[in-house]
Amino acid sequence: MGVLLKFRQKKIAIVADIESIFHQVRVPDKDRDILSFLWWSNGDWSQPPKEYWMTVQLFRATSSVSRWRNQKILEEYFDGSRIIEIPQDDRIGMASFHRLSEVMARDLGYDRPTYDISKHFGRFCDNLNDQLPPYVRIFVFVEGKKKTAVGCCLAEELTVASVQQHGYNLQRLTGGLRSLLSWRIQTGLMDGANASTASATEKSPEKPSFQLPLCGIRRLWVSPRHRRQKTATNLVDCVLKNLYYLTHLTREQVAFSEPTADGAGFAKSYTGREDFVIY
Numbered sequence: 001m002g003v004l005l006k007f008r009q010k011k012i013a014i015v016a017d018i019e020s021i022f023h024q025v026r027v028p029d030k031d032r033d034i035l036s037f038l039w040w041s042n043g044d045w046s047q048p049p050k051e052y053w054m055t056v057q058l059f060r061a062t063s064s065v066s067r068w069r070n071q072k073i074l075e076e077y078f079d080g081s082r083i084i085e086i087p088q089d090d091r092i093g094m095a096s097f098h099r100l101s102e103v104m105a106r107d108l109g110y111d112r113p114t115y116d117i118s119k120h121f122g123r124f125c126d127n128l129n130d131q132l133p134p135y136v137r138i139f140v141f142v143e144g145k146k147k148t149a150v151g152c153c154l155a156e157e158l159t160v161a162s163v164q165q166h167g168y169n170l171q172r173l174t175g176g177l178r179s180l181l182s183w184r185i186q187t188g189l190m191d192g193a194n195a196s197t198a199s200a201t202e203k204s205p206e207k208p209s210f211q212l213p214l215c216g217i218r219r220l221w222v223s224p225r226h227r228r229q230k231t232a233t234n235l236v237d238c239v240l241k242n243l244y245y246l247t248h249l250t251r252e253q254v255a256f257s258e259p260t261a262d263g264a265g266f267a268k269s270y271t272g273r274e275d276f277v278i279y
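With the first letter of the sequence shown counted as 1, position 29 gets the number 29 in this note's numbering; the numbers rise by one all the way through.
It is worth saying that the hints were derived from the structure and are not from the lab. It is possible that some hints are incorrect.
Unchecked claim - Calculated pairs, DMTMM-like style, for lysine to aspartate or glutamate (alpha carbon to alpha carbon, straight line, at most 20 Å):
id	residue 1	residue 2
1	Lys230	Glu85
2	Lys72	Glu85
3	Lys145	Glu85
4	Lys230	Asp79
5	Lys241	Glu76
Based on the provided sequences and hints, a complete structural model is requested.
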């Protein structure tokens with residue numbers, strides 16, 4: 001079905017397919033009686049009406065139009081995929097993010113708190129209701145066909161002031177991947193020799209060889225079905241271009257917070273060095 005779109009202030013008109021504009025959800029047969037309506041042809045009330053049933057419904061709960069209505073599109077791809085940023089003052093977007101964060105927690109665990117656990121133990125035990133710090137920015141990779149989130153990155157600016165304010169300890173992973181407990185557990189390298197080597201390396205860290213500002217990757221998650229498809233790479237590349245105003249950071253200006261074993265492997269591949277920056 002075609003529809004003519006006309007702009008009042010401009011002498012421009014566009015013909016569009018209405019079925020492609022609106023997201024439609026099929027109505028099950030058992031629910032069609034609820035969505036039935038009567039229609040009098042030509043407005044003739046003297047004739048018996050005809051009864052119709054809705055077979056599709058516009059903008060139902062799965063509507064992709066209203067879900068990201070305040071989205072800030074940063075990157076778009078030919079297959080319809082896009083990378084967006086969700087502002088923390090967007091209630092609808094944050095509601096979608098909180099549902100996504102529950103899925104992320106299954107793979108990554110819950111985000112570490114930014115407060116003293118000994119003083120806020122009750123709050124620490126309720127991570128699902130915990131709010132993100134206002135300085136954390138949310139970047140989401142939305143798949144083109146189903147308009148579902150398949151990747152998410154929580155990033156923050158690491159400047160001299162922010163590092164001092166939040167008490168972050170930035171350092172290079174001088175022992176490489178073997179110095180990460182998560183990597184040793186996943187690869188089965190928990191024998192005494194490897195543990196002692198990692199411990200000895202951690203006791204004598206080298207002098208940091210990086211400069212601020214950096215991009216802090218607080219959390220990075222990709223759906224299992226979309227891993228090893230450059231989803232994480234494209235997502236972090238986009239973050240580096242948009243985190244600082246009018247500044248495009250390089251891949252060497254990235255720091256990772258408590259990476260998992262898979263995350264450490266990605267960090268090594270992305271930065272091109274095994275002693276990437278952690279905090």
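We went through each hint and held it up to the structure:
1. Annotation: proposed proximity of Lys230 to Glu85 holds, straight-line Cα distance about 19 Å (limit 20 Å).
2. Note on Lys72 and Glu85: the hinted pairing holds, with a Cα-Cα distance of about 5 Å set against a maximum of 20 Å.
3. Between Lys145 and Glu85 the alpha-carbon distance is near 19 Å, which keeps this suggested pair within the 20 Å criterion.
4. Between Lys230 and Asp79 the alpha-carbon distance is near 14 Å, which keeps this suggested pair within the 20 Å criterion.
5. For the hint linking Lys241 to Glu76, the alpha-carbon distance of about 14 Å falls within 20 Å, and the restraint holds.
Going down the numbered hints, you'll see the structure goes against none, and every one checks out.
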